[in-house]
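So the sequence lines, in the order shown, correspond to chains A and B. For the first sequence, counting from 1, position 553 maps to 553 in the UniProt record's numbering; every step adds exactly one. For the second sequence, counting from 1, position 67 maps to 67 in the UniProt record's numbering; every step adds exactly one.
Source of the hints: derived by calculation from the structure; they are not laboratory data. Predicted model only: the values in this text are computed from it and were never measured. Ideal placement from N, C-alpha and C gives every residue a C-beta, glycine not left out. Heads up, some of the hints might be wrong.
Claimed, not checked - Quick look at which bits of chain B chain A covers, simulated, 3 or more residues with Cβ under 8 Å:
#, region
1, 36–46
2, 50–56
To be verified - Pairs of lysine-lysine, DSS-like flavour, derived with a Cα cap of 30 Å:
#, chain 1, residue 1, chain 2, residue 2
3, B, 26, A, 29
4, A, 106, A, 3
5, B, 38, A, 59
One letter stands for each residue in the lines below.
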Amino acid sequence: MNKTVNINLAGVFFHIDEDAYLNLNNYLKAIKASLANDSSKEEIIQDIEARIAELFTEKLNNAQQVVNNTLVESIIEIMGQPEDYQVDEDIFEEEYKKEKTKKTPKKLFRDTDNGVFSGVCAGLGHYFSIDVVFVRIILVLLSISSSGIFVFIYILLWISVPEAKTTAEKLLMKGKPINISNIEKKVREGFEQVSEKVKDVDYEKYGNKINKGFKSTTKGVGNLVSSGIEIIAKLIGAFIIFIAASTLISLLFVLVGVLLFNLSKADWVTYVETANIGVPLWVGSLILFFFITIPFFFLFTLGLKMLSKRAKSIGRPAKISLAIIWLIALFSLIYLGVRQASEYAFEAKTSKTISLPIIENDTLHVKMKDFIHSTWHSDNNYSIVINQQDEKVIYSKDIRLFTRSTNKKSPYLEIVKSAKGSSFNKAKKTAEKILYTTTFTENTLQLDNFLTTAVENSYRDQEIDLYLYIPENIIVYFDSNTAYFNEYDRQLNDINLRGYEEKYIQILKHDIRCLNCFDKTKIEETEVEKEKTFSKNTTENTTENKNTKWYSDQLQTDTKTTENH
Amino acid sequence: MKIENTKAQMRKGVLEYCILSVLEDKDAYVAEILTSLKNAKMLVVEGTIYPLLTRLKNAELLSYRWEESSSGPPRKYYSLTQKGKEFLTELSLTWQELQDAVSTITNQKNNNHE
Chain A
1 MNKTVNINLA
11 GVFFHIDEDA
21 YLNLNNYLKA
31 IKASLANDSS
41 KEEIIQDIEA
51 RIAELFTEKL
61 NNAQQVVNNT
71 LVESIIEIMG
81 QPEDYQVDED
91 IFEEEYKKEK
101 TKKTPKKLFR
111 DTDNGVFSGV
121 CAGLGHYFSI
131 DVVFVRIILV
141 LLSISSSGIF
151 VFIYILLWIS
161 VPEAKTTAEK
171 LLMKGKPINI
181 SNIEKKVREG
191 FEQVSEKVKD
201 VDYEKYGNKI
211 NKGFKSTTKG
221 VGNLVSSGIE
231 IIAKLIGAFI
241 IFIAASTLIS
251 LLFVLVGVLL
261 FNLSKADWVT
271 YVETANIGVP
281 LWVGSLILFF
291 FITIPFFFLF
301 TLGLKMLSKR
311 AKSIGRPAKI
321 SLAIIWLIAL
331 FSLIYLGVRQ
341 ASEYAFEAKT
351 SKTISLPIIE
361 NDTLHVKMKD
371 FIHSTWHSDN
381 NYSIVINQQD
391 EKVIYSKDIR
401 LFTRSTNKKS
411 PYLEIVKSAK
421 GSSFNKAKKT
431 AEKILYTTTF
441 TENTLQLDNF
451 LTTAVENSYR
461 DQEIDLYLYI
471 PENIIVYFDS
481 NTAYFNEYDR
491 QLNDINLRGY
501 EEKYIQILKH
511 DIRCLNCFDK
521 TKIEETEVEK
531 EKTFSKNTTE
541 NTTENKNTKW
551 YSDQLQTDTK
561 TTENH
Chain B
1 MKIENTKAQM
11 RKGVLEYCIL
21 SVLEDKDAYV
31 AEILTSLKNA
41 KMLVVEGTIY
51 PLLTRLKNAE
61 LLSYRWEESS
71 SGPPRKYYSL
81 TQKGKEFLTE
91 LSLTWQELQD
101 AVSTITNQKN
111 NNHE
């Protein structure tokens, strides 16, 4: 008993056995596939269907009779195989020729027949018309170098790429046209394979597949030897692909990382944004990404071409648009670079003077105040920290302390804030926004050893110069924590206080006198002086004066060392 | 190079001329054309003729009309157009020349062999 199907062939009704129907349907599909893809295709198929209908009516005795597979087979015999429908195109117009030479499109499938694990490599090999050996070598190299990312990609491909199960899919995988003769060939191959497998099944149940992989590998290597130059080109191609692909993938990861971090507003993003490149960070990173990756992408396609002559070109429009994107990225980078440079074109300063009323004959203490903070990121210039108000601020230790003598009555401090910008006004505004505090209580001047400014003000070389003017004869005491910040410029008659921290120092005109220096070096120097003084003194025989003399000599020595610094 | 392919090519090359010749005297539908061609052993399988007929029709060498049939689907009756007739005359000339040329060459060969 057979199930039948009702069909309508060219307007005539037929009962047809199910298997006969499938056979006929496949036959018509195969013919369709073999015909040149033009407008008359449908018409031709209609003519063929009409003819088949005619033949059916001729062969059937009455309308009740069912079309069986034998009849369909005999009809196919009369009509001929799909390739018989192909007319030699050369006889006809040239335009038909073009269409015929078009490559059959390929689809990516997993070739489980030739695969070691899942057939992903074999499928890729078919798709790019590369020997599967190279695909495997590239994959292994990439897996090693990418520390396993490619294993993940391999698994993804395994999951997402369908296995070529039907004969039609297997043909599509290899880019062969689907027609009866090809299908037949495939099916026959399949039978042979099955019989081979049956033979091997006893000893090589699991080893079989792996063994096969090795076999195809050795076969590939054998081909290698036969054409040396081609192999070298292919190896170079593979190497180029390897380099380009790993660069592309790592950059892609970086880009995705940047974009994700950007969304979550990570701290280092704030840090980068303080440089204020003029565009949001993600735009900047996209531009940079395209600028770097597009050349690598072209390198990648070049490698593919070297590896396989049949590798598809990405096409002229794609190439041109990529080139345009690259140029846009290049110009954007130049523009941003110039802009960034211009952000530092002008420097402006603002100054403020604070008077320090000290009690006469008292010592002025100078201290630096540190800021306990947790640093997120820092380089030589600045860092991003959280201030007491829990805000992220730019933090810099660009503080310089100059000490000068003055003939005014009381000491005073001049605070000069400076910053850079694309215009003088902008620079000045940025300078004004620098936060810097000093306190003066009980003869103690406390200076911040840092400056801060809000993140949105950007880092523009903000600096603080402190000028401490001290009247002559006043005694000052610098805390040890000022050591790092003490600066002087001899041309401007600054006093050099380096090395005189934690000492009581009397300010002279452009000079100092140390009141309690017991430094080892100082003592040694003093002893030389002492001997000199001693010899002088022995001639004068005034030993009582010795101590006072020595004291004054020591002061002279100190003065000298200061000058010689 | 397969002998089957060459044979098929040779047949296909002159098939167009044969179809036009069949239609020279009277209009015919596909089955009739096929019978003539098959009787003359010009055609082994029918498949080839359908794309050819469509091509010839598209080239305006043939035209067709529909006719009802007592048994089976309606039939496409093909006839030569004016252009088709001219085409056929020219092809006949060419065929004659070709036949002469081929026979001259093959005869020469045969004579040489003997």
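For each hint, the structure was consulted:
1. 36–46: holds (count 3)
2. 50–56: Satisfied; 6 residues make the cut.
3. 26/B x 29/A: violated (34 Å)
4. 106/A x 3/A: It is violated: about 36 Å lies between the C-alpha atoms, which goes past 30 Å.
5. 38/B x 59/A: holds (18 Å)
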